[in-house]
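Student: One line per chain: the protein sequences are A and B, in this order. Residue numbers for the first sequence follow this note's numbering, beginning at 1 and rising by one. Residue numbers for the second sequence follow this note's numbering, beginning at 1 and rising by one.
FYI, nobody ran anything at the bench for these hints, they're computed from the structure. Incorrect hints may appear among the rest.
What the hints assert, rightly or not - A few chain B residues that face chain A, going by a derived Cβ cut-off under 7 Å, partial list only:
1. Val46
2. Tyr81
3. Phe83
4. Gln84
5. Phe91
6. Pro156
7. Gln167
8. Asp168
9. Ala210
10. Asn211
11. Val214
Every residue gets a Cβ at the ideal spot worked out from N, C-alpha and C, and that includes glycine.
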Amino acid sequence: MHERLSFYVQRSSAIHDLNPLTKVILTLALILIAFTSPWYWTPHLLVLIAIIPLSFLGRVAPEFFKTAIRLILPAAGFLFLMQAFFQPVGESVIFKFYFLDVTQESLMFAFRSSMRVFVMVSAFTFMLLTTHPSELMSDLTRRGLPGQFAYVIISTLQILPQMQAKAQTIISAQRSRGLDTESSFLKRAGSVVPLVGPLVFGSLAEVEERAIAIEARGFTSKKIKTSLHEIADSNSDKIIRWVLTILVIISIALKIWLS
Amino acid sequence: MKIEIKDLRFTYPTGLDALRGISLSIEAGEQVAIVGQNGAGKTTLVRHFNGLLQPTLGSVMIGDWDTKKYSVAKLASRVGYVFQNPDEQLFSKDVGAEVKFGPRNLGYSKEKIDGLVTRALALTELSDKTETNPYDLSPTWRKMVALASVIAMDTPIVIFDEPTTGQDAANVARIAHVIAELRREGKTVITITHDIDFCAENFERVIALANGQVLLDGAAADVLGQEEILAQTYVDPPQLTRLGKRLGLKETVRNQEEFLNALS
Chain A
1 MHERLSFYVQ RSSAIHDLNP LTKVILTLAL ILIAFTSPWY WTPHLLVLIA
51 IIPLSFLGRV APEFFKTAIR LILPAAGFLF LMQAFFQPVG ESVIFKFYFL
101 DVTQESLMFA FRSSMRVFVM VSAFTFMLLT THPSELMSDL TRRGLPGQFA
151 YVIISTLQIL PQMQAKAQTI ISAQRSRGLD TESSFLKRAG SVVPLVGPLV
201 FGSLAEVEER AIAIEARGFT SKKIKTSLHE IADSNSDKII RWVLTILVII
251 SIALKIWLS
Chain B
1 MKIEIKDLRF TYPTGLDALR GISLSIEAGE QVAIVGQNGA GKTTLVRHFN
51 GLLQPTLGSV MIGDWDTKKY SVAKLASRVG YVFQNPDEQL FSKDVGAEVK
101 FGPRNLGYSK EKIDGLVTRA LALTELSDKT ETNPYDLSPT WRKMVALASV
151 IAMDTPIVIF DEPTTGQDAA NVARIAHVIA ELRREGKTVI TITHDIDFCA
201 ENFERVIALA NGQVLLDGAA ADVLGQEEIL AQTYVDPPQL TRLGKRLGLK
251 ETVRNQEEFL NALS
C-alpha cells in the first residue's frame, strides 16, 4: 500500500542490470564532461548521442521524455531567458527589449549554460529512473558508505508517502466527526489543529518505533554485515567505470591545457 | 434510521474494483457485524455510509438523504464513525475537550452538549479522566476516548471499525457494554470485526463479504453455521459453534449459554 517516493521504473534492460555505482559514475561523468569540456557543442552532443540513446537502451524513454518536458525543459528554458537577457557580454546586438540587449554572444552563452543544466538534471533523472533507491544505498553501504547516511536517504523516501496516507486518514476521521474542511477559509484555518496534532504525534512515535526496530537488528553494530540481497558487479561494470573516469580526466586536462 | 444500499459499485482510482454490486438494507436499531478477509471491501463499504467515499455506480441512502448530495460534515449528524486507530483522531489537551469536539461541530446547544458529553464519558467509564491528556492514557483507554468522542455526537447510526483489535479482555467487555447500551437506546450499530467470538456474542445480524460482494447475510446463528461458505472468505466460525457441529447438535450455537442449553 505504501509506495516509495521514487522515480524508479521496474523494467529489464541492460542499464537496469548495471551495478548502481556504475550508473552513479556515469551520471557524474556526463555532468563533469558537460561542464568542463572546452568545446562549445559538448553538452548539446551529450544529450543527443548519450542521454537520449541511453534512455532508449534502458527502456525508460517514455518516462524520461515526460519528465524532461514537464520538469527539465521549463527550468532550463527559464535559465536560458535569464542568461540571454542579463548577460552583459558581446557587441553584436540582435534585438533590444527596453534597456536589455540580447547579443549573439549572450545567446550563445545562455544556450550552453542551459544545456549544461539540462545535461545535469536529465542525467540524474535517467539514473533515478533505472536505479532502485534501496539497491543503490545497499551497494554504497557495502562499499563503505556509513549506514546512518543510507538510512536518512531511504527513510525519507519512505516516510513522505506514509505521512501522506496518514494525513488522508486523519482528515477522514475528523470529517467523520463533523469537521468542515470544505467551506469558508476561516473555518478551514480553524481546522488545522485537529489535523496537524495527530499527524505530528503519530509521526514522532513512528520514528521512534522504526529506530527501535532497526536497532533490534543490530543497526549500529560495528561488525561487518552480510547482505541477503546480492548486487551484481561484473567485469564490464569495472571497465565502464574506468573508461568513464579516464574520459573525465581527459576533459578536465583539456580544459586546463587550453585555458 | 434506515440505510438503503442499491447496487453499490466502487472502483478505486488505481483501478481496483473494491465493491462489485452490493444491495443491502439495514433497519433502524439493527446490530450488524461485517466480517470477511482483508481486502474483501468491508472498510470501503462502510466509508460509503458517511460519504467519505462516493459510489462509482449505485446509491446509498441514509434515511431520506442520498450520500451523494450531502457533505461528510453534514452526514456526521446521522452517522458516527469510530476509526480503527484512536491516535489518528485525538488532538485535544484533555479528554473532556476531545469528546466535546464532535457535538460542537454539529452545532448543538451548550446544555445538550454537556449532557451528551457526560453520558458518553459515563458509558465509556471515563468520567474520572476528563482532565487527563489522551496521550497520557494507555492505548486501550485512548480507544475508549475515541469511542466516547463519537458516541457523544448522538447519531442514530454508529459505525465501529475493528473496535476490539489489540484490546485486552476487560476493554472488550467494556466495548460490548457500550454496544449493548446503544442497542437499548434504539441506535443502529454496524461493526467491522475479525474477532468472531465478539461478533457471535454481540450481534444479531452478520454480513460476510468476499471480493466486494455479499457472500452471506442473515441472522448470526444462520450465517455462522455455514462453515464451508465462510471458509471462502477465510472466516472460521466461533470455536463453540464448530464444537457444537462436531457433537451433532441440531441448532447452531453461538455462545456458552446456547451451547449449554443445547447439551442439556
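Student: Each hint: holds or not?
Tutor: Checked hints:
1. Val46: Constraint on Val46(B) not satisfied, violated at 11 Å.
2. Tyr81: holds, 4 Å
3. Phe83: Constraint on Phe83(B) satisfied, holds at 4 Å.
4. Gln84: With a closest approach of 9 Å, the Gln84(B) hint is violated.
5. Phe91: Cβ of Phe91(B) sits 3 Å from chain A, so the hint holds.
6. Pro156: Pro156(B) check fails; min Cβ-Cβ to chain A is 14 Å, beyond 7 Å.
7. Gln167: violated, 18 Å
8. Asp168: With a closest approach of 20 Å, the Asp168(B) hint is violated.
9. Ala210: Violated, about 20 Å.
10. Asn211: violated, 18 Å
11. Val214: violated, 24 Å
Of the numbered hints stated above, those contradicted by the structure are hints 1, 4, 6, 7, 8, 9, 10 and 11, listed in ascending order.
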